[in-house]
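The listed protein sequences correspond, in order, to chains R and D.
When you number the first sequence by this note's numbering, it's gap-free, plus one each residue, and the end is 256.
When you number the second sequence by this note's numbering, it's gap-free, plus one each residue, and the end is 608.
Treat the hints with care, as some may be off.
Claimed, not checked - Straight-line alpha carbon distances no greater than 20 Å define the calculated EDC-like cross-link-like pairs of lysine to aspartate or glutamate that follow:
1. Lys-314(D) to Glu-171(R)
2. Lys-596(D) to Glu-209(R)
3. Lys-314(D) to Asp-228(R)
4. Lys-601(D) to Glu-194(R)
5. Lys-601(D) to Asp-192(R)
6. Lys-447(D) to Asp-202(R)
7. Lys-229(R) to Asp-315(D)
8. Lys-314(D) to Asp-220(R)
9. Lys-395(D) to Asp-385(D)
10. Lys-217(R) to Asp-202(R)
11. Lys-601(D) to Glu-252(R)
12. Lys-314(D) to Glu-230(R)
13. Lys-395(D) to Asp-571(D)
14. Lys-217(R) to Glu-595(D)
15. Lys-229(R) to Glu-298(D)
16. Lys-356(D) to Asp-202(R)
17. Lys-183(R) to Glu-171(R)
18. Lys-471(D) to Glu-528(D)
19. Lys-471(D) to Asp-571(D)
20. Lys-596(D) to Asp-192(R)
21. Lys-183(R) to Glu-312(D)
22. Lys-217(R) to Asp-571(D)
23. Lys-229(R) to Glu-297(D)
24. Lys-323(D) to Asp-390(D)
25. Lys-183(R) to Glu-209(R)
These aren't lab readings, by the way, just hints derived from the structure by calculation.
Note that the coordinates shown come from a computational prediction; the quantities given were computed from them, not determined experimentally.
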Amino acid sequence: MNEWPLWEVFIRSQHGLAHKHVGSLHAPDAEMAINHARDVYTRRNEGVSIWVVKASDIVASSPGDKEPLFEPANNKVYRHPTFFPMPKEVKNL
Amino acid sequence: MSLYAQQVDTGVTQVQTNDEMSPEERAFQARIDAGIRIEPKDWMPEAYRKTLIRQISQHAHSEIVGQLPEGNWITRAPTLKRKTILLAKVQDEAGHGLYLYGAAETLGVTRDQLYADLLSGKLKYSSIFNYPTVSWADVGAIGWLVDGAAIMNQIPLCRCSFGPYVRAMTRICKEEAFHARQGYDLMMALCRGTEAQKQMAQDALNRWWWPSLMMFGPPDSDSVHSAQSMQWKIKLFSNDELRQRFIDQTVPQAEYLGLTIPDPALRWNEECGHYDIGPIDWEEFNSILRGNGPCNRDRLRVRTQAWEDGAWFRDALTAHAEKEALRKAETEKAA
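Okay, chain D solo, but in the shape it has when bound (with noise of 0.2 Å):
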């Protein structure tokens, strides 16, 4: 599975035609396609229902996994105002998670099953953050580069057909944009630095520049659940769409910071009005959904850590809650 919406199940093998539909499907496409909002309490084919949990919980997921490669640099912020930077956009990919668990479980899904299926794996993550954070160029590069990207990705749900997913998204978007501009700052700091300073730089952006592409899934020649999502108005844009609005976007700002695209083949195409790209590497993209990526193992092995690391202090608040409400209904008895 890729990022976010880019690339989830949705169970059907084939778009149904109108014929095909009952009256209560026929009822719910034309309301989407009127543009009015699915509320959790609508009725609601199952496939939609199950693709959105899906598609929603991922998100979620990568949200929470995604503090893992930038939290790695957290006591280790070269200043103390890059640490409170780095500090306030890990809280925030947490209140991501958060506000995309929530609108998950108005789909009629438990949060601890959520949670569960996170930690066995059932439930996938962005392959992007199965690659390791190595310098500090890195937590510049995630926030330019994998931000601007999910940036890209989250616009368009802003715009969906659900309401919970359209108001956890519009939340997240705000915030998003802090999160693309520290990086390029962290990463103009760098460029304006040392030499070797600037060097750091254009490693962390020869290695997250492919990556951050491939967040966008597969190419749409090979998509093969991407025209029920958009029917459902749960994706609005295709892969390759979106991927090139990113390129398109991003390559004038690598420019400007003095560094080179790592890829040969890079170059303005006149006639379309795009910039052109060398082949992507889907052997690695598909080998790190496989499990195989850099630090797939050591993510879901930090992430039960903490869980289970919790749980004394989770019972602790369970058993006060308890104390305290006994102690409320006996003062109130007494009364």
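Next comes chain R alone, as it looks inside the complex (with noise of 0.2 Å):
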């Protein structure tokens, strides 16, 4: 028989909070994913909402493109608030 299908598991801890990504698990189909995610990990109220999705569904950029990817933004100071001092005198901003 072949292995079930890889889930990768998503939970929110808390209404307003994001999902999380906090594990994977295998089920042969989304509901039972839920079921077992729930059993998993959400033991001891971790979570008001599951997210399940299938691991070959995601897509994800390589290591090897790290640089590409996120060196123009390394030499972007200005993005940031703390590139431009401010006078001791001005204040709230």
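Both chains come to you apart, so use the hints to assemble them.
Written out as structure tokens, the structure is:
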């Protein structure tokens, strides 16, 4: 028998927070994946909502592309508020 | 093999020096030295990958087989309260096994293969689970001592070099604290009970003390793979260091219970600020590793039977999923 597909599990821990990746599990379909995720990842009230996504459906950037992807942000210090020193006399900025 | 991270074959005979490393290996080591975690898709030396697969899966198997000694007492727990606590704990062990299998799978090994290797005896689990649980007090002793020793081993792993392992261990350590406390609570109840109940607690301590110390693995002088694992930061403290910490924290806990540690040589060493202990019987440890413990064969027999007995259920779930997928496809076609 072929192995059940791998599902990545995301849990919203409280209302108002984003779902966060917590781990993975195997299940034959989405419904069972949710059931298993409930048992494996929320035994102590860790969540109010569960997302499961088939691992094979996730598209990820590759570690080798790290430089072309993220390098451009490195030399744009002016995007941070600390780039602009404010005089002491000026308040609330 | 021993528990968790404490004795894992790294496949190397000596640690490479910086000069012997390839440029990739040097960059990898530099990253580990800088405390930057390794993630599954990053380049890693084959030996690091293989060692981690062995270490994490051995750890996962220990969690799964670790359900058996305590599962033995679920139907015989003395009260409903203790029964629900024990059920929750054993369920946690299953969960811990699953977190860890998930972490191992990120390294490119399949769940089915890992499980097949456990059942065939190719991959080991902790030697501690080859001892029987002959009395109810053993459930308390396991929580207090075995989970206590496991926590000692596992907390440093929350800072190891491999991301998925770190995340699994962080979850596990949070839940293990419950395991250790419920065990000590159970021992307290027995020690405050009748003379016979206290004697039962003492008997459990007598049987579990030395095996718990052995969980930390062989003495540092005999531990050939430690140096490489430490360089890779998948092991952060030596076996003897962790064992000593465990002894130092556990002796006063036994004193509070009014129990006696079964070691006539045990004494506080004022000079170094630690407890000295008598010699550990490593022959017993090695014999269990060779498969001659009291329960080795029984543990694998029960796991194999559970896997085989569950086959019809797994097949039914698969058949249901396939039928539903087909039905959905037909509905969409008709629409």
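Structure-inconsistent hints, enumerated in ascending order
2, 11, 19 and 22
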